[in-house]
Amino acid sequence: MKQFALASIAADEVLKRTISYKFIIKDHYLDTESRFAIRVPDSPDIVQDNEGIYRHSNSYVNKKHKNMPKNLIYILRQHKLAELIAMDSHNSLLHQGPKDTIRDINQRYWIPKLTALARRIRKKCVTCKKRHGRPYTYPFATELPSIRTQTCRPFQHDGLDYFGPISYKTAAGTTGKLWVMLITCLITRAVHLEVVPDNSTSSFLLAMRRFIGRRGTPKTILSDNAPAFTLGYEMINTDIRSMINSSQTLTCYLASKEIEVKQITPFAPWQGGVYERIVAIVKNMLYKTIGRLHLSYIEVESLIIECEGILNSRPITMNPISISDTEAVRPIDFLLPRAELSLPNHSFTGTDKIRITEKQTREYLKHLDTIRSHLWDEFYKELYTGIKAPRYKAKAHSTESPQPNHVVLVETPNLPRYRWPLARIIQLLPSKDGKIRSVLLKCKNTTIERAINQLIPLELSASDEDQD
1 MKQFALASIA ADEVLKRTIS YKFIIKDHYL DTESRFAIRV PDSPDIVQDN
51 EGIYRHSNSY VNKKHKNMPK NLIYILRQHK LAELIAMDSH NSLLHQGPKD
101 TIRDINQRYW IPKLTALARR IRKKCVTCKK RHGRPYTYPF ATELPSIRTQ
151 TCRPFQHDGL DYFGPISYKT AAGTTGKLWV MLITCLITRA VHLEVVPDNS
201 TSSFLLAMRR FIGRRGTPKT ILSDNAPAFT LGYEMINTDI RSMINSSQTL
251 TCYLASKEIE VKQITPFAPW QGGVYERIVA IVKNMLYKTI GRLHLSYIEV
301 ESLIIECEGI LNSRPITMNP ISISDTEAVR PIDFLLPRAE LSLPNHSFTG
351 TDKIRITEKQ TREYLKHLDT IRSHLWDEFY KELYTGIKAP RYKAKAHSTE
401 SPQPNHVVLV ETPNLPRYRW PLARIIQLLP SKDGKIRSVL LKCKNTTIER
451 AINQLIPLEL SASDEDQD
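For the sequence shown, full-length UniProt numbering gives the first residue as 1, with consecutive numbering after it.
It is worth saying that the hints were derived from the structure and are not from the lab.
We put the CB at the ideal spot given by N, CA and C, even for glycine.
One thing to keep in mind: the hints can contain errors.
[Said to hold, decoys possible] Dumping the calculated DSBU-like pairs for lysine-lysine here, alpha-carbon to alpha-carbon at most 30 Å:
1) Lys22 with Lys283
2) Lys22 with Lys99
3) Lys435 with Lys129
4) Lys113 with Lys80
5) Lys219 with Lys70
6) Lys395 with Lys113
7) Lys123 with Lys26
8) Lys442 with Lys124
9) Lys22 with Lys80
10) Lys219 with Lys288
11) Lys283 with Lys177
12) Lys123 with Lys395
13) Lys169 with Lys288
14) Lys70 with Lys22
15) Lys395 with Lys129
16) Lys124 with Lys395
17) Lys283 with Lys262
18) Lys432 with Lys442
19) Lys113 with Lys130
20) Lys80 with Lys99
21) Lys169 with Lys124
22) Lys262 with Lys435
23) Lys262 with Lys16
24) Lys177 with Lys129
25) Lys435 with Lys123
26) Lys124 with Lys113
27) Lys169 with Lys129
28) Lys124 with Lys26
29) Lys129 with Lys70
30) Lys169 with Lys262
[Unchecked claim] Restraint-style ranges between C-beta atoms, simulated for each label pair:
31) His132 with Arg108: 24 to 34 Å
32) Gly164 with Ile436: 54 to 64 Å
33) Pro145 with Glu449: 30 to 40 Å
34) Arg153 with Asp325: 24 to 34 Å
35) Ile259 with Pro139: 23 to 33 Å
Kindly generate the complete structure, drawing on both the sequences and the hints.
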């Protein structure tokens, strides 16, 4: 300390820095011994100089390489000083990889297990995480939701989406555009297509009225977060509430008609894959058929309805291989049940004469119920018993789990990575199975919701550091 005081009087900054540097090196030996009970190991390659600093001779390398640095300063890897030296080298090299950091450190220091330290430093570096960081692990579902496997009427649980625009020729010879609202039953995979003139909320409400008038009121709807959908659902449910307030006797009945809306996480289209796949099929049919043709509005609408019929006639179970096999089940079999549908061990034919008597009518209706029951049995047996668990492609991901107050980088479509915004997790949103698939974020004075596999963790929160 006397030498440091003399250097301060002389205003010699270089000497002050050298004295401070040597003091820190010697002090970290004492600090490591007092805190961790770890001393410098006894080895013929490690010697102590006249200033009390331990040095590694690096003799087994210097025998063949005369230009290699000798007498490297020995640093205990358990002390914080080793991490600070590695971080300083990493930053001075402009965040290069671990190999460059190791080479730079080995010019002056000898740190045991330096490779693991260099990798850990790069893994903790916030700047490197912004460029090379991996997102959280997304827990994909391992089983179907309960509403996807229960017996109910068609279009009681639906998925909804828009696609378009599709061009058509107007009566004046100009080009117009229309959109298509697609609704698919989550259970029977039946499809309903509605042509809409635009993607406004009013057109969506009118299309929903047409759908409900022909298919009945759905119980639940799964869709994305399009503004027209969000506002439309609010208006539909608000109208139902106003109706039940005007008549107390219909309260219980109309309250049960309120549609439960389940919107997927923003920018997470895979959560709506049940209807996105149908959208891709319809687009493929339409664009291949239309090509460069200039069809009128009514021709396009007719073509779309034909696509609906083709989709509802597609087999959703295994096609029969032999005559004795069960006929493949199609979505249209649930929409338009046929009495002549052939099923094993049931030889009822629709050509039998049915007299209009109460007894025979009841027997006939009972037999229709039996056919419908066996149709559902065959549907479940063919579709679900042979289904295989999905295999998701393994992707590189972070080993951390999302926690409140974590600072993350938000993946943003159509933007380069260096322009992705920073955000802070304020709330975890568990799914029905208790797993975390989305979170609420505070980003630029706004609150947004995102899937966790679109978030790249940058550093631990303050609460986590206190626990460490």
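Hint check results:
Annotation: proposed proximity of Lys22 to Lys283 is violated, straight-line Cα distance about 72 Å (limit 30 Å). As the CA atoms of Lys22 and Lys99 are separated by approximately 27 Å, the hinted pair is consistent with the 30 Å bound. Straight-line distance between C-alpha atoms of Lys435 and Lys129 comes to about 25 Å, which keeps the hinted pair within the 30 Å bound. Using a Cα cut-off of 30 Å, the hinted pair Lys113 and Lys80 holds, with the two alpha carbons roughly 14 Å apart.
Annotation: proposed proximity of Lys219 to Lys70 is violated, straight-line Cα distance about 78 Å (limit 30 Å). This hinted pair checks out: Lys395 and Lys113 have alpha carbons roughly 29 Å apart, not beyond 30 Å. Under the criterion of a C-alpha separation no larger than 30 Å, the hint pairing Lys123 with Lys26 is consistent with the structure, at around 29 Å. The suggested pairing of Lys442 with Lys124 holds, with an alpha-carbon distance near 23 Å, which does not exceed 30 Å.
For the hint pairing Lys22 with Lys80, the CA-to-CA distance comes to about 16 Å; that is within 30 Å, so the pair holds. This hinted pair does not check out: Lys219 and Lys288 have alpha carbons roughly 35 Å apart, beyond 30 Å. A C-alpha spacing of about 15 Å is found between Lys283 and Lys177, which places the hinted pair at or below 30 Å, so the restraint holds. A distance of roughly 18 Å separates the Cα atoms of Lys123 and Lys395; the hinted pair therefore holds under the 30 Å criterion.
The straight-line distance between the Cα atoms of Lys169 and Lys288 is roughly 18 Å, inside the 30 Å bound, and the hint therefore holds. A distance of roughly 18 Å separates the Cα atoms of Lys70 and Lys22; the hinted pair therefore holds under the 30 Å criterion. Restraint check for Lys395 and Lys129: the C-alpha separation of about 17 Å stays at or below 30 Å, so the hint holds. At roughly 20 Å between alpha-carbon atoms, Lys124 and Lys395 fall within 30 Å of each other, so this suggested pair holds.
At roughly 24 Å between alpha-carbon atoms, Lys283 and Lys262 fall within 30 Å of each other, so this suggested pair holds. For the hint pairing Lys432 with Lys442, the CA-to-CA distance comes to about 24 Å; that is within 30 Å, so the pair holds. Between the alpha carbons of Lys113 and Lys130 the distance comes to roughly 26 Å, so the proposed pair stays at or under 30 Å and holds. For the hint linking Lys80 to Lys99, the alpha-carbon distance of about 21 Å falls within 30 Å, and the restraint holds.
Taken as a hint, the Lys169 and Lys124 pair is broken in the structure, with Cα atoms around 59 Å apart against an allowance of 30 Å. Annotation: proposed proximity of Lys262 to Lys435 holds, straight-line Cα distance about 17 Å (limit 30 Å). For a cut-off of 30 Å, the pair hint linking Lys262 to Lys16 is broken: about 67 Å separates their Cα positions. As the CA atoms of Lys177 and Lys129 are separated by approximately 45 Å, the hinted pair breaks the 30 Å bound.
A threshold of 30 Å between alpha carbons decides the hint, and for Lys435 with Lys123 the separation of about 26 Å falls inside it, so the pair holds. Under the criterion of a C-alpha separation no larger than 30 Å, the hint pairing Lys124 with Lys113 is consistent with the structure, at around 17 Å. Simply put, Lys169 and Lys129 have alpha-carbon atoms about 52 Å apart, too far for the 30 Å limit, and the pair is violated. Proximity of Lys124 to Lys26 is assessed by CA-CA distance (about 27 Å); at most 30 Å being required, the pair is judged to hold.
Using a Cα cut-off of 30 Å, the hinted pair Lys129 and Lys70 is violated, with the two alpha carbons roughly 35 Å apart. A distance of roughly 36 Å separates the Cα atoms of Lys169 and Lys262; the hinted pair therefore is violated under the 30 Å criterion. The hinted range of 24 to 34 Å is satisfied by His132 and Arg108, whose Cβ atoms lie roughly 27 Å apart. Taking 54 to 64 Å as the suggested C-beta distance range, the pair Gly164 and Ile436 does not conform, at roughly 35 Å.
The hinted window of 30 to 40 Å between Pro145 and Glu449 is violated, with their beta carbons roughly 20 Å apart. Between Arg153 and Asp325 the beta carbons are some 27 Å apart, a value that agrees with the proposed interval 24 to 34 Å. Here the CB-CB span from Ile259 to Pro139 is close to 28 Å, well matched to the stated 23 to 33 Å.
The structure fails hints 1, 5, 10, 21, 23, 24, 27, 29, 30, 32 and 33 (numbered hints given earlier, in ascending order).
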